[in-house]
Amino acid sequence: MSDSSSRRAFLKNGTMGTFAALSVGTPAAAALSKEQHDSPSAQASKKQADQHEVQDEYDGFSRYRPSRGHDPDSDYYIGKRVPGFRNPADGPAPFIANDLDKLPWKMKNGAKEFHLVCEPVAREFLPGHWMNVYGFNGSMPGPTIEVTQGDRIRIIVHNELPEETSIHWHGFELPVQYDGAHTMTQNPIKPGKTFKYEFDVHEEGTFFYHSHIAMQEAFGMVGWFIVHPQKVWDPPVDRDFGVIFQNFRIDPMQTVVNSWSMDWNWHTINGRSGPYATPLVCKHGERVRVRLLDFSPVQHHPIHMHGHTFWITGHEGARIPKSAWIPRNTELVGVAQAADFEFIANNPGDWMFHCHMVHHMMNHMVQHVGPRLREDAKVDHYLTSLDTRPRVKMHQDPQFGIPGYPQKMQGMTMTKPMMKKLWSRREVKGMRANAMMSMAGLMTSVRVLPDDLYQRVMETDEKVPKGSIFKEIVKRFGTIEDYEPAPPDVMQKMLNDD
Amino acid sequence: MSAFYFRKVLLPLVMLGGACVPQLLRAQDAFPLVPPAAEPRNVETSRDQVGRRFIPPSSFPKSPAGVEDLMKQETPQSLETDLTLDALLMMATENNPTLVQAQQQIQGTLGKALEAGLYPNPTFYYIAEQIFVDSETDTDTPGEFQGGAVQQEIVTANKREISRRKYQQRAKTAEWMAVAQQWRVCNDVRIHFWKTLGHRQIVDIRRELLKAAEDSALTTREQVNLGQATQAELHLSNVSLQRTRLSLLNAENMYRSQFAMLSSLVGVELEPQPLKGKLVADMESMIDFNQAVENLYSDSPEVLAATAKWQADCITLERERVEPVPNIFVKAASGYNHESREPVASVQIFMEVPIFDRNQGTIHQAEADLARQNAEIKRTKLRLRQDLALHYQKYLTALQHVIEFQSVILPEAKAAYANQLDAYKGDRQNWGDVLKTQREYYQLREQYVHHLITWRTNETLINGFLLHGGLKAAESPTPPGHIDSVAQPR
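Residue numbers (numbering that gives the first Met the number 0), protein chains in the order written: chain A, 0 to 497; chain B, 0 to 489.
Bear in mind the hints are in silico, worked out from the structure with no lab data behind them.
Keep in mind that the hints are not guaranteed to be accurate.
[Stated by the list, open to error] Reference excerpt, derived from the structure (chain A facing chain B, CB under 8 Å, subset only):
(1) P251
(2) T254
(3) V365
We treat Cβ as the ideally placed atom computed from N, Cα and C, and that holds for glycine.
Take these sequences, add in the hints, and give me the full structure.
Below, the structure written as structure tokens:
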């Protein structure tokens, strides 16, 4: 028996093998033997699940209100080990990468077999803004590969790109010939050709796969590779979100990525830009994990979450021992790094979650000068007759007496179809009417909703007026007397603004 | 040759140039100046080292006199004018003085032909000979002979008829020269019509370029306030603005100049006004170089005039060759002989004997003139071919440009500008880049107009036998030389 096969046997027969298989809800889980269920490790897991109890408050930390607890050395300080509602016996919480699909697999010859197709992709970064990138199976980022620690996997990569490629399985300790390092460990996959990667997964944690051709990486060729642990991490979480932050250089009036550039002006989260990036929605009191990967070509991202303090519980290398967890409001995630954030959603509301770099909080920046800023000037006047043009008024707004004016971006034009598309998503129901104006680039939101409001937003099709959920949260948890609804005409003005 | 262009002779040319200058000066006096810029807030500010404190943008430079009035002028939407090309050609036909001169060159030469063919007048003498001679019957007689005599030169060898034919042939030369002058005038009117039309369009385009320059200067100010441009760039934007203003004035000056030239060519003092016509013409078949050469060789008035002159030189040689044939002088007298006391008569017949002067020098000169003229015909053809090569190159290049500007360059530049505007409208483009594209489009339109002018100008020249210079004095068909210096032309 080879080393790899013995390791696989050990892992597959390990105490949490059953548990992990069940967690992904696959046919493989059903195929597990009764013996495995009855193994001592399974019995231990069952015991752990049976003992799972959830309290509202732990040592002064409340899962339902902003709080820190009594003692920084406490296991429950800032909700450090406060468990989620999810019973560990139910396995890990489903991994959710909004706006991305999961890659299906079939068990073949003792391995989970996946098929990845490398190909050019048109991705709608914003409603109506289709960008030409590279990806997998019609998606950029590619579909999520989700396995369980101990699985043997076979990934058949077919190259439909017009140029050669190879795929690197980032972070895996695998046999070197499958590492995907272009030319160093394998011959490149020629256009139209296929290459099979096959190895055992003994790791658990947050991984990803990507093309190992630099320019193709700049074109967005990446995807999640989540390995669920056989032994469910403690404390259990209720939500397990994944967000991939990326930058692209796409010049104004262009849709093709300029991978040669050293400057980057389009920003996406799971392939969409704010406000099109779908919010992360959870229930009040839940324990939430957010796995964040920075797959930008050259830029790091200081990720900031409003309204909560989170613990850094893992990086792409491994789960961090609890003794080394760090509480933060902002975590700097470097290029090709991943970080796992965990927190108890004890503060209801719509909370911004974004990169704090100024230029990453907007897209495709252009200088905000010209007729869009001038009194009585309209771009349409220029478009009316291209052979003649309006004469400018050779005076400036008196406010130009202040150096720096104007700093407010004029904002991009939102057409009605674009607005309709933005608001058509379930996850944004009931947000403030002008919420879409505030999110751009590497910006999304974490929505913490009480049970009933969560149900209205996520589980019913009832019409939810803009701002109604937010207002209700303010009413329940804030000071409604001080609340000012969004001006009703803001979005309409935005629609009409030329 | 059509007599139409020579039918009428009117007043000499009234030059327009002198009349235009005062108008321009008056117009400049009337131009309001841009209000002076506000003084800097703090005089010390200008002495600050760059980048140590914010220096508000300096004012826009004052507009040169005339610019603001030009910017207020509207491009005429409909040309309610009678100044069509045909009307201007008609005016030129009636008023261009060189056409009168050309006509008079013909008349003068015809006069020479008349004169050269006239028969010599007889000479009458009164003769009193041997006065006071003594006779047998008388002393101190009134003379031996008192009477009258008539002498007549009898021209031989058809000299008068040959001379007349010679000058009649020269009149034909003058006619071709007049045709050439007609082409010169018409071509020049056409060329300056295109140029005036074109430069009017260029004025309009330069106005748009000035608007773009104003926008660019304003945009730079906005950028300075946002830390996106420096004071140096601001100064340079002022430079660009002022240069664009000057270029508009230059275009306006050029337009006025072209109109004045046109007005001079038609011989009528006209105020600058829109012309009725199109600079763009339908694309007819392209002129073929070889065909154009053939046309020049066969139909060019200059070639035809040179050929006619060659024929005149042949006659000149013929004339000089018969010159040694002596004319016969007959002298007959009748009177009274006081000595013999009876009427008497006398007759003399004499002639020059061509022993020493057989006109051999003049014949040699005439032969040389004929040979020279023979070479002149060839030289004229070659010069025309040489000129054609130059103008055809200009014509062909301009036509190629016009076609490509019409079909590709302008539509593409316009599409780029529209594209940029659309993108800017959607917040997907910098305004500075839009302005660059806009300026590029307008500059290409100006280049297109220049190509149109070059095309139409050279097309006119090629179709008009390369003749231009509509105010050049009409040439004389009489060559210099002593043969024509005699009292009676021969």
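Hints, verified against the model:
1. Interface restraint check: P251 (chain A) against chain B, minimum CB-CB distance 5 Å, threshold 8 Å, status holds.
2. A cut of 8 Å between beta carbons decides the hint on T254 (chain A): the least distance to chain B is about 11 Å, and the hint is violated.
3. The interface hint given for V365 (chain A) holds, since its Cβ lies 5 Å from the closest Cβ of chain B, which is under the 8 Å cut-off.
Figure legend: structure checked against the earlier numbered hints; the only hint not met is number 2.
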